[in-house]
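Chains as they are written, first to last, in this note's numbering: chain G, 1 to 523; chain R, 1 to 523.
Each computed BS3-like pair below joins lysine-lysine, with the alpha-carbon atoms no more than 30 Å apart:
#1 Lys267(G) - Lys483(R)
#2 Lys109(G) - Lys109(R)
#3 Lys520(R) - Lys55(G)
#4 Lys109(G) - Lys55(R)
#5 Lys520(R) - Lys21(G)
#6 Lys267(G) - Lys494(R)
#7 Lys245(R) - Lys55(G)
#8 Lys267(G) - Lys520(R)
#9 Lys371(G) - Lys483(R)
#10 Lys89(G) - Lys494(R)
#11 Lys494(R) - Lys371(G)
#12 Lys21(R) - Lys520(G)
#13 Lys109(G) - Lys89(R)
#14 Lys124(R) - Lys89(G)
#15 Lys89(R) - Lys520(G)
#16 Lys483(G) - Lys267(R)
#17 Lys371(R) - Lys520(G)
#18 Lys55(G) - Lys494(R)
#19 Lys124(G) - Lys89(R)
#20 Lys443(G) - Lys371(R)
#21 Lys103(R) - Lys89(R)
#22 Lys520(G) - Lys254(R)
#23 Lys520(R) - Lys371(G)
Some residues of chain G that are not near chain R, with every Cβ distance over 12 Å (derived):
#24 Met1
#25 His72
#26 Lys103
#27 Leu156
#28 Tyr174
#29 Phe176
#30 Lys220
#31 Thr231
#32 Ala239
#33 Ala415
#34 Asn419
#35 Ile431
A short, non-exhaustive set of chain R residues, derived as facing chain G with CB atoms under 7 Å:
#36 Thr11
#37 Asp14
#38 Ala117
#39 Gly118
#40 Gln197
Worth flagging that the hints you see were computed from the coordinates, not collected in a lab.
On a predicted model such as this, the values are computed, not experimentally measured, just so you know.
Backbone N, C-alpha and C define an ideal beta-carbon position, used for all residues, glycine too.
There are 2 protein chains.
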Amino acid sequence: MKIALAQLNYTIGDFEGNREKIIDCIDRAKAQRVQLIVFAEQAICGAPAYDLLNKVSFLNLCEDTLEEIASHCFDIAALIGSPAQSSNKTISVAALLEDGRVKRYVGKKTIRSRDEAGYLSSSKGCEYIKIGDKKVAVVVGEDIRTEQEYGEYADLIVNLSNSPYSRGVVERRYDFYRQLAFMTGKPVVYVNQVGAQTDVVYDGSSGMINSRGEAMMLLKSFEEDFQVIDTEADQEPIAFPEQNKTRNVYHAIKVGLSDYFTKNGFKTACLGLSGGIDSAVVVSLAAEVLGAENVRVLLMPSQFSSDHSVEDARALAENLGVEYQIVPINETFAALTTTLGPVFGELPFNVAEENMQARIRGMMMMAISNKFGNILLATSNKSEIAVGYGTLYGDTVGGLSIIGDLYKSEVYDLARYINRDREIIPINTIIKAPSAELRLEQKDSDTLPPYDILDAILYRMIEEGQSREEIITAGFDEEQVYKVYNLVLTSEFKRYQSCPTLRLSTCTLRINRRLPLTNKYGY
Amino acid sequence: MKIALAQLNYTIGDFEGNREKIIDCIDRAKAQRVQLIVFAEQAICGAPAYDLLNKVSFLNLCEDTLEEIASHCFDIAALIGSPAQSSNKTISVAALLEDGRVKRYVGKKTIRSRDEAGYLSSSKGCEYIKIGDKKVAVVVGEDIRTEQEYGEYADLIVNLSNSPYSRGVVERRYDFYRQLAFMTGKPVVYVNQVGAQTDVVYDGSSGMINSRGEAMMLLKSFEEDFQVIDTEADQEPIAFPEQNKTRNVYHAIKVGLSDYFTKNGFKTACLGLSGGIDSAVVVSLAAEVLGAENVRVLLMPSQFSSDHSVEDARALAENLGVEYQIVPINETFAALTTTLGPVFGELPFNVAEENMQARIRGMMMMAISNKFGNILLATSNKSEIAVGYGTLYGDTVGGLSIIGDLYKSEVYDLARYINRDREIIPINTIIKAPSAELRLEQKDSDTLPPYDILDAILYRMIEEGQSREEIITAGFDEEQVYKVYNLVLTSEFKRYQSCPTLRLSTCTLRINRRLPLTNKYGY
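Assemble the whole structure, with the sequences as input and the hints as a guide.
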C-alpha cells in the first residue's frame, strides 16, 4: 500500500490556513497515486485549544473544514485528526475521509495530558478500517500506549499523534515505536504535529517502522515534512539519526520562539542584558531567529553592577549586531527610596531594596515593550524559578520565556553550543561566577548551593520525583537537600504568576508540577 | 438510623490538624449514640491538592491517617473522603471506617472539575454499604449528578462532596438535592467541605432532605457545623433559608480572605487606595476580616489624580481606622522618564507612560510588602480583567485577589452591602464615574462601554457562553459587542499571569475559561 505521511505546522483556530496546507498535501499525494494519507491528531484546528474545544461554533468549524477537505478525497483516503462533538461532549477523533465525504470517526480513549484533561472526554478507542485489501488499525494519540491488543487483527497500525517535544523524547519515541512494531509484528506508521503553539513545541519526528522494528522512513525533526512510502516495496531499512540533547533543545527553542512571533503577528523583541549567562543565551537565540535588527536590548546597570557585567553585555550585543542602550537604574531607584523613606523609616537595606532594583528593570523593559511594540523575552532559568531565586514582577516579567524550563547547567550547555563555530557569547560570561548583583559583592552561591549540586538535587526532585530521603541516600548533603526542598515548596506562589514558558523538560513547573499554595505538607 | 453530619474546614496537607478535627466529631457523635457519621470528600487531606495527589508519600499519609481515625471507630461507622492509590493511579474514595479499621473504599467515577481532571483518575462509582439494617448508597462527589439508578436499591443516599461556592450555588444545590430525593423517593444526606484553600471557597451548606424533597436538617453556610439527626424520628421539615447573592458573596470573600491568611500563617495585608470603588471594597473587607490594625494602606497620587480621589481614600481609611500614608509617584515617574528619555526620543505620551504609573504603584506596594511582610491584596475587578483594562505587573500585582471574580456591578452591590448599617465607603466613591486616572481627565467610559452594558455583554459571553450573534440578537449594539469580544480575546495573555483570585462566579477566568494565547479563532 502506498502511504503518505504529512507532518505539518498548524495554527490553532486558523481553519483556512490549516485546510489549505492539508489539501495541498492531499493533491501531492494523489499525484503520486497514494492510497492513504495520514495527518496528525487535531490537525484541523491545532492543539492544545483548551476551552475552544467546548465552543459549539468552534466544533462546527472543525466539521465544516473536514467536509471541505473531504471533497478533495477521491481515489485516496485521508486520516485527519480533529475534535468532534459526541453526545454533548468533545472527543478527539481520527476522521476517515474517502469518496468525497467524511466516512467515519475513530475516537480516542486515553486522555492523559494536562492540556487535554478537563477539555476532552474519553471515547471508544482503536478501530479498524479497510484500505484496499488491507486492514488498518487506527489509533489516536496516547491510545497507542494503552491499547496493545489491536496488533493481532491488523495489517498495519496507524497512529495520529500530538506528542510535544521534551528532553530526550525523540529517542524515547523512536524506541517506543520500534518496540511496538516488533512486539506486535506489525508495521507502524505515526504522524506527529510539528511547530509550536505558545509554550508547547511539537517536534514532528514522524515515521514508519516495519514489523522487525526497523525504520523504513523517518520524517524530519522540528520541520515540516511530507513523504511517501510503499509498504510492500522491498526496501532497505534506514538508520535512526543520532540525537544530541543540546542540539535538540536548541532547535526546539528556535521553533518555539519563531512560531510564537509568526503565529501571533509579532516582529520585534526586547530584553535586558545583565552580562550574565541567561540573558546572553536568550539574546543570541532571539537575534538568530528574529534577526539582529528586530531585537532591542537595554543594559540597566546599578551601583552594584560590576564593570565586567556592562563590558560583557556590550561585547555580546556588538558580536550579534543588536541595538543596545545603557540605561542606569540609579536615579529611579533613588527617587523611589526617597519617596518611600517616610514609610520605611530607619529600617535597613534588605530584600525589599534588592527586589526594587529588579522591578525597576522589569518596569523599564515593559515600558520599552509598550512604547515600541517589542515582545519582552524573560530570562530566568529553571533552577532559579524552582527555588524562587528571582523577583516576582522583576526578572520574571515577559511575554515569553524561552529558557525557563532549562536548568542552569543546560543553559551553559546551550551557550557552548551557540559558540560552537565562533565566540558569540563572551567567554567571560560563561566562566564567571553567576551573580544577581542586587547588593555589594553578591554571588548566587551565597544563598544557593553551587549550581552543579543544586541542579542535581532539583533534577532528582522535579524530573524524577524523588523524596528528600532518596536524594540524601544517593549521597547529597542533608542540609542542602532540605534547604532546596523548602525553597521549592515555598516559592510556588511565584510560579503561579509566571509568564508562558517553552516546555522543554520532562516536568515543566506550573504545568506538570502544580502544588496548592495553601499547603502544610512538605514532602 | 442516627446520623451525624460533620461539616469541617480542613487544611491541605495538615494531616494532624484534620485528623484531630475528625476524631473530635467522632467522639461527639459516639456520645450521642450515632450509628453513622459522614464527612466531606477528601476530608483527610483537604482539596484541591493537585500534584500532591500523585506523591506516594502523600497518599501513604492519607492511608495512615485513615487508620489512626479508624482506631476510634467502635460502635460507630464513619464515611470519610480521601484520595487512595489504585493500581498506580490516584482515585477519590469514601472510606468506610468501622470496628476499628478501614473496612472498604467506595471510589468516584465522575472526574469533571478542572481541579481534579489530570490529577485524579476515574474509579467504579456508587456502591452500597449496610449500616444496621439499612442499605446506604455511598456516592462520592459529582457521581451524584451522573449515577441516578442507585435510588432503587437504597434506604438512604449519602453523598460526600467537595463542592465550591459559586454565584447562586447554594440555591441551585438545595434544588438539586430536593429534586434528587423526590425523584428517587429516598432521603439524601450530603456533606460538603467548608472553608477556603487559596482561591477555592467551600460554602458547606450540607444537609439532609427527606424523600418528599423537604429539608429535615440544614447545616450552616460558610461556617463549620456539626449536627445529628434520627432519620426515623417523626419531625417537621424545616424551611430552606432565603439566599441573598450579595450577602453570600460577602461571606465567601470573608472566608476566602480569612483562611488564606490563617492557613498560610500570614497576619497583615497591604494595598493601594485610589479613591475608587474597587480598592475601597477590598480595604473594607480586609479591615473587617484581619482587623484595621493589620492593614496598611498607601495613597499614591500622581499629577493626574483628582482631588476627590485622595480625599475619598483618606476618608475611607479614617472611617476604618486603617493606617495610611500618602506617597506620590511623581518623583519616581520623573526619574524614570528622564532615564528612558534617550530611548524614547520624541515619541509622544501614550500607553507606555500610562502603564509606567500603574507599575510604579505596583512596585511601591511590593516594596511595602517585602519590607513589612504584608500580603498585597490586588484590587482589579472581573470586568477590567476580562477586557484587559489594567496594567500587567501594575494594578494586577498581589498575593491574593478577593474581588477579581466579581463584575464591576457586583463590586458596587458589595459596596452598598458594606455600607448597609453606616457609611463606611464614602458615598462619593460609589456615585462618581470610574477612572483609572492615568492621563488627563481620563474616564473608563472613554475606552469602554458604560459598565452596566459592559457587564451585561461580559456576563452573556463568559458566564453563559453566548456567541456575538446571540448577544446582538438580544438587543446589544453590534459595534460594542464586537469591541468587547475583541478586548477579551486579545487580553488572555494578561490573565495567564494573574494572581490567585477567589473564585466566586460560575465561570472564573483562567480557571474555567482558558484560551490558547496563540489562536486565530475569534468566536
